[in-house]
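Q: Protein chains in written order, with our numbering: chain A, 12 to 171; chain B, 12 to 171; chain C, 126 to 548; chain D, 126 to 548.
Hints were generated in silico from the structure; no laboratory data involved. Here the structure is a predicted model, which is why all the values come from computation and not from measurement. For each residue, glycine too, the CB sits at the ideal point set by N, CA and C. Accuracy of the hints is not assured; some may be wrong.
To give an idea of the interface, some chain B residues facing chain D are shown, with a C-beta separation under 10 angstroms as derived from the structure [said to hold, decoys possible]:
{"id": "1", "residue": "19"}
{"id": "2", "residue": "20"}
{"id": "3", "residue": "25"}
{"id": "4", "residue": "27"}
{"id": "5", "residue": "29"}
{"id": "6", "residue": "54"}
{"id": "7", "residue": "55"}
{"id": "8", "residue": "82"}
{"id": "9", "residue": "83"}
{"id": "10", "residue": "84"}
{"id": "11", "residue": "87"}
{"id": "12", "residue": "88"}
{"id": "13", "residue": "166"}
Pairs of lysine-lysine, BS3-like flavour, derived with a Cα cap of 25 angstroms [stated by the list, open to error]:
{"id": "14", "chain 1": "C", "residue 1": "546", "chain 2": "A", "residue 2": "33"}
{"id": "15", "chain 1": "B", "residue 1": "38", "chain 2": "B", "residue 2": "120"}
{"id": "16", "chain 1": "B", "residue 1": "157", "chain 2": "B", "residue 2": "141"}
{"id": "17", "chain 1": "A", "residue 1": "141", "chain 2": "D", "residue 2": "546"}
{"id": "18", "chain 1": "D", "residue 1": "206", "chain 2": "D", "residue 2": "140"}
{"id": "19", "chain 1": "B", "residue 1": "141", "chain 2": "D", "residue 2": "546"}
{"id": "20", "chain 1": "C", "residue 1": "546", "chain 2": "B", "residue 2": "120"}
{"id": "21", "chain 1": "B", "residue 1": "38", "chain 2": "D", "residue 2": "546"}
{"id": "22", "chain 1": "B", "residue 1": "120", "chain 2": "B", "residue 2": "147"}
{"id": "23", "chain 1": "D", "residue 1": "206", "chain 2": "A", "residue 2": "147"}
{"id": "24", "chain 1": "D", "residue 1": "140", "chain 2": "B", "residue 2": "33"}
{"id": "25", "chain 1": "B", "residue 1": "33", "chain 2": "B", "residue 2": "147"}
{"id": "26", "chain 1": "A", "residue 1": "120", "chain 2": "D", "residue 2": "140"}
{"id": "27", "chain 1": "A", "residue 1": "141", "chain 2": "C", "residue 2": "206"}
{"id": "28", "chain 1": "B", "residue 1": "141", "chain 2": "C", "residue 2": "206"}
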Amino acid sequence: MTTANGQDLDALYQDIILDHYKNPHGKGLRDAHEAEVHHVNPTCGDEVTLRVHLEDGAAGRVVADVSYDALGCSISQASASVLYDLLVGKGVDEAMEIHQEFLTLMQGKGTVEPDEDVLEDGIAFAGVAKFPARVKCALLSWMAWKDATAQAIAGDGDKS
Amino acid sequence: MTTANGQDLDALYQDIILDHYKNPHGKGLRDAHEAEVHHVNPTCGDEVTLRVHLEDGAAGRVVADVSYDALGCSISQASASVLYDLLVGKGVDEAMEIHQEFLTLMQGKGTVEPDEDVLEDGIAFAGVAKFPARVKCALLSWMAWKDATAQAIAGDGDKS
Amino acid sequence: MTLEGLLPELTVIRKDFPILERALAGGMPLVYLDSANTSQKPQVVIDTMVDHLERHNANIARAMHQLGAESTEAFEAARDKVAAFIGAPERDEVIFTKNASEALNLVANTLAWRGEHQVGEGDEIVITEMEHHSNIVPWQLLAERTGATLRWFGLTDDGQLDLSNAHELINERTAVVAFTWVSNMLGTINPVAELTRRAHAVGARVVVDASQAAPQLPIDLAAMPETDRPDAVAFTGHKVVGPTGIGVLWGRRAFLDGLPPFLGGGEMIETVRMEGSTYAGIPHKFEAGTPPIVEAIGLGAAVEYLSHVGMDAIHAHEQAITGYALEGLRTVTGLTVLGPLDAASRGGAISFELDGVHPHDIAQVLDSRGIAVRAGHHCAKPAHARFGVQSSTRMSSYLYTEPREIDALVEALEYTRSYFKLD
Amino acid sequence: MTLEGLLPELTVIRKDFPILERALAGGMPLVYLDSANTSQKPQVVIDTMVDHLERHNANIARAMHQLGAESTEAFEAARDKVAAFIGAPERDEVIFTKNASEALNLVANTLAWRGEHQVGEGDEIVITEMEHHSNIVPWQLLAERTGATLRWFGLTDDGQLDLSNAHELINERTAVVAFTWVSNMLGTINPVAELTRRAHAVGARVVVDASQAAPQLPIDLAAMPETDRPDAVAFTGHKVVGPTGIGVLWGRRAFLDGLPPFLGGGEMIETVRMEGSTYAGIPHKFEAGTPPIVEAIGLGAAVEYLSHVGMDAIHAHEQAITGYALEGLRTVTGLTVLGPLDAASRGGAISFELDGVHPHDIAQVLDSRGIAVRAGHHCAKPAHARFGVQSSTRMSSYLYTEPREIDALVEALEYTRSYFKLD
Ligand SMILES: Cc1ncc(COP(=O)(O)O)c(C=O)c1O
Ligand SMILES: Cc1ncc(COP(=O)(O)O)c(C=O)c1O
Numbered sequence: 012m013t014t015a016n017g018q019d020l021d022a023l024y025q026d027i028i029l030d031h032y033k034n035p036h037g038k039g040l041r042d043a044h045e046a047e048v049h050h051v052n053p054t055c056g057d058e059v060t061l062r063v064h065l066e067d068g069a070a071g072r073v074v075a076d077v078s079y080d081a082l083g084c085s086i087s088q089a090s091a092s093v094l095y096d097l098l099v100g101k102g103v104d105e106a107m108e109i110h111q112e113f114l115t116l117m118q119g120k121g122t123v124e125p126d127e128d129v130l131e132d133g134i135a136f137a138g139v140a141k142f143p144a145r146v147k148c149a150l151l152s153w154m155a156w157k158d159a160t161a162q163a164i165a166g167d168g169d170k171s
Numbered sequence: 012m013t014t015a016n017g018q019d020l021d022a023l024y025q026d027i028i029l030d031h032y033k034n035p036h037g038k039g040l041r042d043a044h045e046a047e048v049h050h051v052n053p054t055c056g057d058e059v060t061l062r063v064h065l066e067d068g069a070a071g072r073v074v075a076d077v078s079y080d081a082l083g084c085s086i087s088q089a090s091a092s093v094l095y096d097l098l099v100g101k102g103v104d105e106a107m108e109i110h111q112e113f114l115t116l117m118q119g120k121g122t123v124e125p126d127e128d129v130l131e132d133g134i135a136f137a138g139v140a141k142f143p144a145r146v147k148c149a150l151l152s153w154m155a156w157k158d159a160t161a162q163a164i165a166g167d168g169d170k171s
Numbered sequence: 126m127t128l129e130g131l132l133p134e135l136t137v138i139r140k141d142f143p144i145l146e147r148a149l150a151g152g153m154p155l156v157y158l159d160s161a162n163t164s165q166k167p168q169v170v171i172d173t174m175v176d177h178l179e180r181h182n183a184n185i186a187r188a189m190h191q192l193g194a195e196s197t198e199a200f201e202a203a204r205d206k207v208a209a210f211i212g213a214p215e216r217d218e219v220i221f222t223k224n225a226s227e228a229l230n231l232v233a234n235t236l237a238w239r240g241e242h243q244v245g246e247g248d249e250i251v252i253t254e255m256e257h258h259s260n261i262v263p264w265q266l267l268a269e270r271t272g273a274t275l276r277w278f279g280l281t282d283d284g285q286l287d288l289s290n291a292h293e294l295i296n297e298r299t300a301v302v303a304f305t306w307v308s309n310m311l312g313t314i315n316p317v318a319e320l321t322r323r324a325h326a327v328g329a330r331v332v333v334d335a336s337q338a339a340p341q342l343p344i345d346l347a348a349m350p351e352t353d354r355p356d357a358v359a360f361t362g363h364k365v366v367g368p369t370g371i372g373v374l375w376g377r378r379a380f381l382d383g384l385p386p387f388l389g390g391g392e393m394i395e396t397v398r399m400e401g402s403t404y405a406g407i408p409h410k411f412e413a414g415t416p417p418i419v420e421a422i423g424l425g426a427a428v429e430y431l432s433h434v435g436m437d438a439i440h441a442h443e444q445a446i447t448g449y450a451l452e453g454l455r456t457v458t459g460l461t462v463l464g465p466l467d468a469a470s471r472g473g474a475i476s477f478e479l480d481g482v483h484p485h486d487i488a489q490v491l492d493s494r495g496i497a498v499r500a501g502h503h504c505a506k507p508a509h510a511r512f513g514v515q516s517s518t519r520m521s522s523y524l525y526t527e528p529r530e531i532d533a534l535v536e537a538l539e540y541t542r543s544y545f546k547l548d
Numbered sequence: 126m127t128l129e130g131l132l133p134e135l136t137v138i139r140k141d142f143p144i145l146e147r148a149l150a151g152g153m154p155l156v157y158l159d160s161a162n163t164s165q166k167p168q169v170v171i172d173t174m175v176d177h178l179e180r181h182n183a184n185i186a187r188a189m190h191q192l193g194a195e196s197t198e199a200f201e202a203a204r205d206k207v208a209a210f211i212g213a214p215e216r217d218e219v220i221f222t223k224n225a226s227e228a229l230n231l232v233a234n235t236l237a238w239r240g241e242h243q244v245g246e247g248d249e250i251v252i253t254e255m256e257h258h259s260n261i262v263p264w265q266l267l268a269e270r271t272g273a274t275l276r277w278f279g280l281t282d283d284g285q286l287d288l289s290n291a292h293e294l295i296n297e298r299t300a301v302v303a304f305t306w307v308s309n310m311l312g313t314i315n316p317v318a319e320l321t322r323r324a325h326a327v328g329a330r331v332v333v334d335a336s337q338a339a340p341q342l343p344i345d346l347a348a349m350p351e352t353d354r355p356d357a358v359a360f361t362g363h364k365v366v367g368p369t370g371i372g373v374l375w376g377r378r379a380f381l382d383g384l385p386p387f388l389g390g391g392e393m394i395e396t397v398r399m400e401g402s403t404y405a406g407i408p409h410k411f412e413a414g415t416p417p418i419v420e421a422i423g424l425g426a427a428v429e430y431l432s433h434v435g436m437d438a439i440h441a442h443e444q445a446i447t448g449y450a451l452e453g454l455r456t457v458t459g460l461t462v463l464g465p466l467d468a469a470s471r472g473g474a475i476s477f478e479l480d481g482v483h484p485h486d487i488a489q490v491l492d493s494r495g496i497a498v499r500a501g502h503h504c505a506k507p508a509h510a511r512f513g514v515q516s517s518t519r520m521s522s523y524l525y526t527e528p529r530e531i532d533a534l535v536e537a538l539e540y541t542r543s544y545f546k547l548d
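Chain A with its partners taken away, still in its complex shape (with noise of 0.2 angstroms):
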């Protein structure tokens, strides 16, 4: 049975989370975008809009901005600010491997060691993974940067 004790509780709010809260990076929505998403996790209301931005890339599409706003708990805020500084910038296919390994880190209930050169700041959500309320928190705007993305690549299709 997973457990939560004042240690974890630290854990859990790693100063890297705490500041992300506090400083969101890329915060606000921009202009350029192919898709918007609006997510809410149900349960407790935390809601996301999220627009995805690709660029043509010389090695293919490029994850060109990101741009959020979102309204809920230091996790969900914290992970859309990583979310932000992780993948603008990359490659589609790469941003979708680092979506695939934040997924796998946050539903290995404390078990997935992270890798910090693929995830950086992302590894401090290690300590996430060990409360299950909270891992769809953290999850919020990853999930949504995913149908976004995958929204503005079929939009693509459409258009070609």
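Since chain A is already given, all that's left is putting chains B, C and D with the ligands on it; use the hints.
A: Below, chains B, C and D with the ligands alone, put in the same frame as chain A:
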């Protein structure tokens, strides 16, 4: 808690009941009637179609006939037969009192001492009251009679 | 410490609830302040269920053997106990459902179909902005599916129903007025008699969600004048120290008789032919299939337990704890209570905001100290929206709550503030 | 005595069921032959429920504290167990309802409302004459309320579906075909794959009532070819050694996604505003309000128990007992079995008539000897009418049934004949 053992079985299936079951009195639907009802025991499917024929007597209305057609177990069949014996020929008010007496006996969970002067062969049903699942069987035709009689009286009212 | 109104036997009562002995992570004792979400269960409820399962288990009504008779007797005795608990005018007016949500949907769903009370275009359904989602969505679906119009009472700044336009809202087009007796978010106690009288005066039906009222307030339906008595009242077993999987719909016989069937199937029929069926009377008409037997029996034990403690005494206890909690919460910097601030006129759920910390984060820190509260929208999104917040933290007490648990909460809130470096 | 196919550990298995030690009136040991009505519960199911209530009780999903996390985890683990039990292609396709009746009504009720699969005038709904009332009445209500036409398969004299007019019955107007996998009265096992394929070929949806199949037959939905796999399958917890108050609707995702909501309320929403709401995906969309939490957890333990014994082994056991019972019953003068006489091709419910004694009276005499059977129409009035009887007596075995219990039944039937002086 109500119990039923081998001895109670004989209390339930008294010879009087088995006799009425094998040779029911007054069975069959006869023409003269002011009301006909069809009652079903929804849990087991036992059915009775019952007609009531009232006539005006010296001291008020009289139960001139109760005719019926019934499908069901020994208890429900015997009870219709006993009803016929007990109620036909009585004044409606007296019949209602007998009805109430029978009802009280059946709902008494085996604690009510039946009055043979009033219930005659009906006292054989005292044992049935100890079997909650069978009380409904014993009451099927009695409930139908009350319903039909109420309708017959209401019909009278309509006419007057 | 002693507080006026507390249950005198509080220590003994706490012993009845095995989970209160539970140690959480880090050896923290449980401080359970989430009873408006679900209540804990006394040993007698658990034991009654176990005894049934180990000794008397059988299907009801349809079984004629001894186990069947015992099971049926226990199930129907539970109906009697529930009827007594709410002072139902007739025991057959008590319908067992799976929860309060099903009870409310039963009414809303069947009002869509042909029948005496059928709702249609031009009709209006009136609810309130403080309802639980389970008393909003069913009416939205009904309105959508029948072309009726959904309208609602707004709220005042102090969390009361805004009755200023009541005469316009409840009018001759009104078919149904549905509202909560006690708000699960704001704690507000609504004027059931007054609203019901007004609705009845225009011929509307009244459905009351008593999910939060039944645990806390003595209810005596038979004692209410006909005009003031709702047509239907719903509540849920798991909030009155009973098990999950069981809820109650009480309905006035004439009202229920006029509704078409909801779920069709075994037990709700009179006779079935392939060409068509006829239906049993209440309560069976609305209890299709094998009902939650052991759950009803558990609920019977639960309401008997509450009645034994005394609903007046429980109400007084809740008020005492609520008053004490409101006082304590007031001392926390940056904390704002949503809803009425007077303990005497409210229920025991207290939702609040704490400047600078999101409710999830508050709940998380409290949890690390063994304190269980609820954080989120509490299935009352519109009420949150009305107060311009997306979520809140809610503490809710019950008959087993002690003042020291409130102290622990207040202290933990202070700790939360310092943990998030708010000073 | 030993019989080919009996569970090898039968004595040990019987020890798992505390009620089997129960003495009835007159000190009679219980001979429980009413398992098709409801099954008895192994200790592990009861203990799992008690442990939950005493140590982990909390509401799910919405609660963020430790008890809430534990409760949610246990509830969702139960969904995984049920999904594994029936080989569900996706665990989220498993919806918890309160019983099989609600599961069937969920589908029939929502098909009436606007949505991808809406049923209307000109559409045909096909059922069979051997259905339980819970798979008849919901479709009658749907037909009545939408103007669709209800049609049905008749039965052959030996209790099989009469498929001679199948091509006419299942045609391009057919919207839904609903039928039972195993008959609760006749024991007949119906050709699920064949009927489903035929229905799918004309674009109809298939709903299968597996209430009697799930307890006895290994079910592996994922292993069925898409064309043969029904769109929805319902069963009930209390017949698979689980508690009452819990049932299961499995539905193909694409089918469930196309249905509008059934009950509205907490947990089934995405977002709620007074002006309108949006809904969560499956399974939550169909689980409004607090679900039967401890019941789902109990059901999880139940199907795990059955899987541990092995559904193949249980099926073989049932066949062995059924064969033995059919043999024994054949020796009773004046006894006629309704339904197929070949144990290999039927389920374990055996309904019969005994010349000259009404089923109630049979059941009563058996009960005086501790033998529990069911007497009546078994919620299958049309099937009884088809065979020209108003009621019957039914014995039904399960994994804990021993051959000596069948011997006791046969002997008691002889005694019944002599008690009613039939010789
Ligand atoms: C074939 C069949 N279908 C449906 C049901 C209904 O199950 P429940 O009463 O649990 O809803 C039953 C059992 O009663 C049954 O045997
Ligand atoms: C006011 C109110 N109404 C309805 C409900 C729904 O009860 P349930 O979830 O048991 O159906 C609740 C509790 O969740 C409630 O607090």
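Q: Next step is simple, just say for each hint if it's right about the structure.
A: Results of checking the hints against the structure:
Hint on residue 19 of chain B holds. Least Cβ distance to chain D is approximately 7 angstroms, under the 10 angstroms limit. Annotation: interface hint on residue 20 of chain B holds; nearest CB of chain D at approximately 4 angstroms, less than 10 angstroms. Annotation: interface hint on residue 25 of chain B violated; nearest CB of chain D at approximately 13 angstroms, more than 10 angstroms. For the restraint placing residue 27 of chain B at the interface with chain D, the shortest Cβ-Cβ distance is roughly 15 angstroms, beyond the 10 angstroms limit, so the hint is violated.
Interface hint status for residue 29 of chain B: upheld, as the beta-carbon distance to the closest one in chain D is roughly 8 angstroms, under 10 angstroms. Taken as an interface hint, residue 54 of chain B checks out: its beta carbon lies about 6 angstroms from the nearest beta carbon of chain D, inside 10 angstroms. For residue 55 of chain B, the interface hint holds, the least distance from its beta-carbon to any beta-carbon of chain D being 4 angstroms, beneath 10 angstroms. Proximity of residue 82 of chain B to chain D holds as hinted, the smallest CB-CB distance being about 5 angstroms (cut-off 10 angstroms).
Interface hint status for residue 83 of chain B: upheld, as the beta-carbon distance to the closest one in chain D is roughly 7 angstroms, under 10 angstroms. With a cut of 10 angstroms, the hint placing residue 84 of chain B at the interface with chain D holds, because the nearest CB-to-CB distance is about 4 angstroms. Using the Cβ-Cβ criterion of 10 angstroms, the hint placing residue 87 of chain B at the interface with chain D is satisfied: the shortest such distance is roughly 8 angstroms. Restraint check, residue 88 of chain B versus chain D: the minimum CB separation of about 8 angstroms is within 10 angstroms; hint holds.
Residue-level restraint check for residue 166 of chain B is violated (minimum Cβ-Cβ distance to chain D is 30 angstroms; threshold 10 angstroms). This hinted pair checks out: residue 546 of chain C and residue 33 of chain A have alpha carbons roughly 11 angstroms apart, not beyond 25 angstroms. The hinted pair formed by residue 38 of chain B and residue 120 of chain B fails the criterion: a straight-line CA distance of about 29 angstroms is larger than 25 angstroms. Annotation: proposed proximity of residue 157 of chain B to residue 141 of chain B holds, straight-line Cα distance about 23 angstroms (limit 25 angstroms).
The suggested pairing of residue 141 of chain A with residue 546 of chain D is violated, with an alpha-carbon distance near 72 angstroms, which exceeds 25 angstroms. For a cut-off of 25 angstroms, the pair hint linking residue 206 of chain D to residue 140 of chain D stands: about 24 angstroms separates their Cα positions. Only pairs whose Cα atoms come within 25 angstroms are accepted, and residue 141 of chain B paired with residue 546 of chain D is accepted, the gap being roughly 24 angstroms. Only pairs whose Cα atoms come within 25 angstroms are accepted, and residue 546 of chain C paired with residue 120 of chain B is rejected, the gap being roughly 70 angstroms.
For a cut-off of 25 angstroms, the pair hint linking residue 38 of chain B to residue 546 of chain D stands: about 23 angstroms separates their Cα positions. The straight-line distance between the Cα atoms of residue 120 of chain B and residue 147 of chain B is roughly 12 angstroms, inside the 25 angstroms bound, and the hint therefore holds. Only pairs whose Cα atoms come within 25 angstroms are accepted, and residue 206 of chain D paired with residue 147 of chain A is accepted, the gap being roughly 22 angstroms. Of the pairs offered as hints, the one joining residue 140 of chain D and residue 33 of chain B is violated, with about 44 angstroms between alpha carbons and a cut-off of 25 angstroms exceeded.
Distance restraint check for residue 33 of chain B and residue 147 of chain B: the Cα-Cα separation of roughly 20 angstroms lies within the 25 angstroms cut-off, and the hinted pair is therefore satisfied. For the suggested pair residue 120 of chain A and residue 140 of chain D, the alpha carbons sit about 37 angstroms apart, so the restraint of at most 25 angstroms is broken. Between the alpha carbons of residue 141 of chain A and residue 206 of chain C the distance comes to roughly 44 angstroms, so the proposed pair goes past 25 angstroms and is violated. As the CA atoms of residue 141 of chain B and residue 206 of chain C are separated by approximately 23 angstroms, the hinted pair is consistent with the 25 angstroms bound.
The structure fails hints 3, 4, 13, 15, 17, 20, 24, 26, 27 (numbered hints given earlier, in ascending order).
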